Amino acid sequence: MGVYSRLKKDGATVYSLVNKGTTTWGDWGNNFQQLIGFSADMEDSIEKSIAFVNAHKDDEVTMVGHSKGGAEATANAVANNKNAITFNTALVHLYAYGLSKGDYTATMTHYVVEGEILNYIFTAPSIGKTVYLPQQHKIKWWHASLYITNQRIKNHSMNSVINALEEADYN
901 MGVYSRLKKD GATVYSLVNK GTTTWGDWGN NFQQLIGFSA DMEDSIEKSI AFVNAHKDDE
961 VTMVGHSKGG AEATANAVAN NKNAITFNTA LVHLYAYGLS KGDYTATMTH YVVEGEILNY
1021 IFTAPSIGKT VYLPQQHKIK WWHASLYITN QRIKNHSMNS VINALEEADY N
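Quick note: the sequence shown uses our numbering, first residue 901, plus one each step.
Just to be clear, a hint being listed does not mean it is correct.
[Unchecked claim] If you anchor each label on the Cβ, the simulated ranges turn out as follows:
1. L935 with S1045: 34 to 40 angstroms
2. K948 with Y1070: 37 to 43 angstroms
3. P1034 with E960: 43 to 49 angstroms
4. D1003 with S1045: 39 to 45 angstroms
5. S905 with K1001: 48 to 54 angstroms
[Claimed, not checked] Below, simulated DSSO-like cross-link-like pairs (lysine-lysine); rule was C-alpha separation at most 30 angstroms, straight line:
6. K1038 with K920
7. K1040 with K1054
8. K1029 with K957
9. K1029 with K1040
10. K948 with K909
11. K920 with K1054
12. K909 with K920
13. K1029 with K1001
14. K1054 with K1038
15. K920 with K948
16. K957 with K909
17. K1029 with K920
18. K1040 with K957
19. K1054 with K1029
20. K1001 with K1040
Simulated from the structure, these hints should not be mistaken for lab results. Since this is a predicted model, take the numbers as computed values, not measurements. Glycine included, each C-beta is placed from N, C-alpha and C at the ideal position.
Can you make the complete structure from the sequences, with help from the hints?
Laid out in structure tokens, this is it:
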């Protein structure tokens, strides 16, 4: 988890706790563990986010993440009732980590590139608002299934998210 900060004009500090997506083969195992509530990365992220928020009670803290990191950012936001922004987020089973969206009152926005693989498999997150971004790697009904899967994986990448945000004028 990375911590980023900036000073606002009024002198207040704003923080972003950022969880990265899958980068190693070990992360892939953790991705599957996360689905059933056995992810050490998820538990560690929730624990660290709670400690950070408790140490910065008077500051604005936003949770941010892509893919695996998006699931972690979602759980962190719910655990702390803080805002979250995710990109092509993985599915998170909050109850598996002792969390519930029932008490969540902050704002959560999920940016999803049309045609990306996780949203295709698991559908949109059930908490917060989902904003669909323009597809970057085109998928046509006549394409072979292996080609379509490859295009969905390409649409999942952070590069596709960045390009889609620019195309949709989120500068």
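**Range agreement (Cβ of Y1070 with Cβ of K948, hint 37 to 43 angstroms)** = 28 angstroms Cβ-Cβ, so the 37 to 43 angstroms window is violated.
**Request:** Starting from K1054, check that the Cα of K1029 is at most 30 angstroms away, please.
**Result:** Distance ~23 angstroms between K1054 and K1029 Cα, so the pair holds.
**Asked** Between K909 and K920, is the straight-line Cα distance small enough, at 30 angstroms or below?
**Response** holds (28 angstroms)
**Prompt:** Given a hinted range of 34 to 40 angstroms, is it respected by the beta-carbon distance of L935 and S1045?
**Reply:** Given about 23 angstroms between the Cβ atoms, the range is violated.
**Message:** Check the hint pairing K1029 with K920 against an upper bound of 30 angstroms on the C-alpha distance.
**Reply:** holds (21 angstroms)
**Prompt:** Within 30 angstroms, alpha carbon to alpha carbon, are K1001 and K1040?
**Reply:** violated (36 angstroms)
**Item:** 30 angstroms limit on alpha-carbon distance, applied to hinted pair K920 and K948
**Value:** OK: K920 and K948 at ~15 angstroms, within 30 angstroms.
**Request:** For the pair we were handed, K1029 and K957, check the Cα-Cα distance against 30 angstroms.
**Result:** holds (25 angstroms)
**Asked** Are K1038 and K920 close enough, with their CA atoms no more than 30 angstroms apart?
**Response** holds (25 angstroms)
**Request:** Would you check the hint for K1029 and K1040, treating anything up to 30 angstroms between C-alpha atoms as holding?
**Result:** holds (27 angstroms)
**Prompt:** Measuring from beta carbon to beta carbon, are S905 and K1001 in 48 to 54 angstroms?
**Reply:** violated (27 angstroms)
**Message:** For a C-alpha distance cap of 30 angstroms, please report whether K920 and K1054 respect it.
**Reply:** The hint holds at about 17 angstroms.
Consistency with the previously given hints fails for numbers 1, 2, 3, 5, 18, 20, ordered from lowest to highest.
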